[in-house]
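Starting from the given sequences, assemble the full structure and let the hints guide the process.
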Amino acid sequence: MSVSHDLAANVNRAALALPGVQQHPKELMPRRMTFAERLYLPLLSGLMVTIKHFFLNIFRIRPRVTIQYPEERRSYSHRYRGHHILTTRPDGSVRCVACFLCATNCPAECIHIEAAEHPDVNIEKYPVVYEIDMLRCVFCGYCVDACPEEAIIMSNNYDMAFFSRSQSIVGKADLMKPFTFDPAKLGYRPYYPEEDAQHAAMRRQAVDLVAAAKAKAAGDRAVAGG
Amino acid sequence: MLLEEPALLARFPAGSVVPQEGPDAPADQPTWVVRREVLLDLCRALRDDPQGRYDLLLDVCGADYPDRDERFEAVYHLYSVPTANRLRLKVPLTESDPKLPSVISVWKGADWFEREAYDMYGFVFEGHPNLRRLLTHEGFQGHPLRKDYDPARRWILTEDKIYRPVLRAPADRPESMFERMTINIGPSHPAMHGTFRFVAMVDGEEIVASEVEIGYLHRCMEKMSETHTWQQVIPYTDRLNYCSSFLNNVAYCRTVEKLLGIEAPPRAVWARTILSEFSRIMDHCVANGSTLVDTGALTNFWYFFQPREEIYGLLEAVCGARLTVSACRIGGLLADLPPDFVQRCERLLEFIPPLIDDVEKLVDKNRIWMDRSVGIAAISGEEAVNWSWTGPCLRASGVAYDVRRAHPYDLYDTVDWEVPVLHGGDVYDRFRLRMLEIRQSLRIIRQLIERGVPAGPFVVDDPHVALPPKDACYNQMESMIYHFKLIMDGIRVPAGETYLMTEGANGELGFYVVSDGSGKPYRLHVRAPCLPIFSTFPTLMRGHSVSDAIATLGGLNVIAGELER
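If you read the protein sequences in the order shown, they are chains A and B. If you read the first sequence in the numbering used here, its first letter stands for residue 1, the second for the next number, and so on. If you read the second sequence in the numbering used here, its first letter stands for residue 1001, the second for the next number, and so on.
Just to be clear, a hint being listed does not mean it is correct.
Pairs of lysine-lysine, DSS-like flavour, derived with a Cα cap of 27 Å [unchecked claim]:
#: 1; chain 1: B; residue 1: 1485; chain 2: A; residue 2: 125
#: 2; chain 1: A; residue 1: 26; chain 2: B; residue 2: 1108
#: 3; chain 1: A; residue 1: 185; chain 2: B; residue 2: 1470
Derived from the structure by calculation, the hints contain no laboratory data.
Rendered as structure tokens:
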């Protein structure tokens, strides 16, 4: 048979032992303990590790990894896929034209839209009801990908606990509310590379500032100590 | 290509084993259509033939084509570790008589694969010692992956139908002074790391017989995929092995890209390789961390979780989610890499190694840990292959099979790295091997970072596959039409079938997909690496204590999401 199959073509022959030579091992060769290990001696080096971590943490030589939630919050990138936002037109009306692309593209089938005719003939349709079931939503961002109007985007708000299942279904009014034009609260949305460059510059600046402050503090300590 | 073929096929009656040839034959690997009468003999011959040596049964699954006379197909994927040959066997079956012999006597790993095929399609594997439902409830009626099974069907499943294992001690085992007791751990038990149920008969401390029950997290992923577009399946794959969801994304997208005959652009491939390796590190951290925490070493867990936390930060910067990333798209990535991607990776490369070193210093030569792990749940390489093991667990038993090395994909053949192999096959070596692999992954990442980000697009420039950029979609009619077509109809994947594997975090993660040319998968099957590994658990645990069982489980890295799909 001369058919060449693509998986066969992509074989790293060099990595294989010669056919007929390699046998799968039948015998097991478990690790044997050395004399020092029998005497539990390497435990001491382990103890040194925990002692090192203990002092690094207690004197705050290293920043602590715990975050005092909810007072302190982890900062997320501007791509974070959090609570959805329905964007608005300048006049405050919803931008969505009820084309159902988001509902079609949703792998979790959590978007419910009821469309009606828009009074403005240029706009055609608008959603009377636009609901997202937050308990079904998997926050994959497919609705944002699908939207041809930039009418649905995501915020970086991750905190959306409810007391009942009925509260988990979020309607149009609530989806429009979080949109406060605060760019720091935006999450996953259509991607424009220049925006990311801006954020990166800002972050670099912030890192530089922290580094400068740290260097200054270290210098001050050295002066005080000297 | 297959040397043994003429000699081997001549042993069987004409027409009983027919290699598929011609333009309709699957292009990915040789496919033989086998009559069920000769299946068992053929399988034994394929395993034992000195030139065949198909020692690893990768997968058994079913497929349903209601238009055909013989409606069902049982599909076997075989692999030969020494020769790297792959072979697919298809056994056509009729609806009225879906019986075929069980190959469990050839490959023990067939146990759960066959049970799954029985559950999903109703194939009756004659000679299987324990042919029960695997993933669905005992009270479930019908076979859900058959095409005529309505996905909206609901069943009332009650507890009185639930399976109660009856364990029997081996007959040759003498009575001891202890009363034999059956204990049940799970499904909701913190030590099981997921919803598994483990029922063990203990004689004193020693397990004499045990059984595991799974299926508590079955979410019909394969059935759901058949009703959603190709692109919509990506979020479902996140939930397979949720400790390293990026690896699943890559595995799935590569399979569909192969069917489409496209390749992701270099920038996407570069980022995929790096993020895959970071995900692997993360997954190994969880597996090793939970192994240690189960044996009482809590500190390591915190050291392991810091790298994991930081890697999640990197993934979040790339795609906006930490755990279920959905970061790949068919043909590339979901968005371009953030501008500080390289700096972030460099920081991680500095941050991770000291913590890994710390864990090694704590436990590597620690006799307390060694007493709990050396020689526990040991399995030889030969046995492990027979049980269809792959991945780190197999390499810890001395078999150097790594998909990244045997079938290089992405950028793995352009970087310098090694496949670590250990020969203990026990809990200790599985732990050690993962530590070695973390270092190799770091090595791969370091080399790729040094190369720099390749220029170019992050997703293929093909309007039939990738959504057009948003500004084009807003401003150009043509892009808008493509955008609508892609979302309403999905990507039109040419008809055909393929199996493609990648090295997942716990073994060979394969996707077997069949397309009928429409926008949705006709059949999608996941070759979950931990399914055969977990099916070995009762055998592994014989003669060990219950605390050993808990120590073993973390090291096998059984992830319920992937196990039960």
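Does the structure keep residue 26 of chain A and residue 1108 of chain B at a Cα separation of 27 Å or less?
holds, 16 Å
For a C-alpha distance cap of 27 Å, please report whether residue 185 of chain A and residue 1470 of chain B respect it.
holds, 21 Å
Taken at face value, is the distance from the CA of residue 125 of chain A to the CA of residue 1485 of chain B at most 27 Å?
With a Cα-Cα distance of about 20 Å, the restraint between residue 1485 of chain B and residue 125 of chain A holds, given a limit of 27 Å.
Checked against the numbered hints above, the structure breaks none of them.
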